[in-house]
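In case you want the letters, here they are:
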Amino acid sequence: MTALPPPSAVKLGLVIDLDTCVGCHACVVSCKGWNTENYGAPLSDTDAYGADPSGTFLNRVHSYEVTPDLGAPVTVHFPKSCLHCEDAPCVPVCPTGASYKRAEDGIVLVNEDACIGCGLCAWACPYGARELDAMAGVMKKCTLCVDRIYNDNLPEEDREPACVRTCPAGARHFGDLGDPDSDVSQLVLARGGMDLMPELGTRPVNKYLPPRPRDTLQEPPANLAALCEPTPQALTGFLGWVDRTLSRF
Amino acid sequence: MHPAPSIIAFTTLSGLGLGLLAFLGFGVVVPRGLLAFLWFGLGYGLTLAGLAASALHLGHPERALRAFTQWSTSWLSREAVLSAAALLVMAPYAVGLVFWGHALPGVGVVAAVLCLLTVLATAMIYAQLRTVPRWNHWTTPLVFLTAALTGGALLSTQTLLAQMLLPWLAVAFALHWMLGDRQFARRGSTLGTATGLGALGSTRLLEPPHTGSNYLLKEMVYVVARRHALKLRAIALVLACILPALLLWTLPGWPALTLAVISHILGLLTARWLFFAEAEHTVGLYYGQR
Ligand code: SF4
Ligand code: SF4
Ligand code: SF4
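Residue numbers (the working numbering), protein chains in the order written: chain V, 1 to 249; chain Y, 250 to 539.
Hint data in this document are derived by calculation from the structure and do not stem from the laboratory. Note that beta-carbon positions come from the ideal geometry of N, C-alpha and C, so glycine has one too. Everything hinted at is true.
Simulated DEER-style distance windows between Cβ atoms: (1) Val362(Y) <-> Asp113(V): 29 to 37 angstroms; (2) Asp183(V) <-> Met427(Y): 49 to 57 angstroms; (3) Met427(Y) <-> Asp152(V): 53 to 61 angstroms.
Please construct the entire structure, taking both the sequences and the accompanying hints into account.
Given below as structure tokens:
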């Protein structure tokens, strides 16, 4: 079971647009919600309202600052979940066969009934996409919402991952990256979609679209803080008069 | 990586036990009767104690039998299968020596080879991980195997063999530490490659995804006490190799051997702690830490 299947023709995955993501964490919340109420063991929290809160999440959003050689720094919000790698290193290390990649669509899943919670698959994943649940003692990871995308009980528009359905900015796209004509493949082609840590040879299915080049602002304004301060000069009319008069005392 | 006491105890104790059993199996010493009972008992005891400690860190130890199924792909599964095979094949050899004073030597040799293969499988669990460049190197199996052989020589009271092996263990440690220090840079993973943003400019973490800790940080981003690494390396080298060697050279008999064994085990535990504490996982890059 833990041998990787031959490459599937269908490669379901996500395309994440780093240009559009606004870092709202809505996908984090919807992912936690869906995957706590549905497939598998719920995603537990420990000490949620205490001094040291901790919990299991399948999708997390980091924020980075990129400073180009020339020009102003830009903020990039960076959602990260399992990339459903073609050469998934998390699968062959599993001693029980619980960690597996589906031959039909390439989704990487954990059979929670067989998982002994050894944690080795999480060690093998370069991206931190797997978390051992503290309460259930089994490995949790993004399921690509396998219980939504094939679910005939849901209205058709809901048959996509919860995070994709939720994203208010449209920064997450779901589709078949094995089909060169699919919308997601075309998007990757048009925007120069990239792999994360390609040097580790995992060949991720999920792709990231880099931020588009920014406008011509080459350096930040000399005194950014001053633009935010209300100044008497900016006030006119009666309020301006009050401000100027009071400032004299 | 988090230096979990259960894994440190497991790898150290089972390494020593399997090393001792390998020496007994190869027939380097052939004890009989009560002595055989004590010696094999020590080997089995150490190995089983190590295996029990390793079960402690599982989320579901009651399902551990499933770990015997995936030996064709998984080093962890191979370790389970090989350790069980080693202990089972060694049993008739041990029983023969304890109760009848003789046993088929061929069985012992096969069991001894299985013992060493088990140690190799343990090492490969770590050495296979490309995500932890320091471990992903031939010096990892070298250190594990040399340590098991040295410990086995000491525990089977083979003073001369131990004196020959101790310097090699020191060399193996030194190679693992020195070459290991370069491994992360050589692998080439940076926050730039991890985010794909490296081509656009220099990248730094602005906001972590969560304010508290999580499984990833606890398990794989262990940065505490690395600043003492150099001192701890020196301590490990002195306790595991240099002091035992000096003791064996200068003092005769059992007291020296006993002290050498104690010092060696303490040194091994320190080195094993460092093995985990110093190892950096690529996921740390996403958190701006390694
Ligand atoms: S992102 Fe990690 S967990 Fe997902 S398939 Fe790749 S290696 Fe496995
Ligand atoms: S934690 Fe579970 S899924 Fe992961 S390697 Fe261990 S048994 Fe397999
Ligand atoms: S596809 Fe589903 S499980 Fe995966 S990150 Fe999105 S919501 Fe979470």
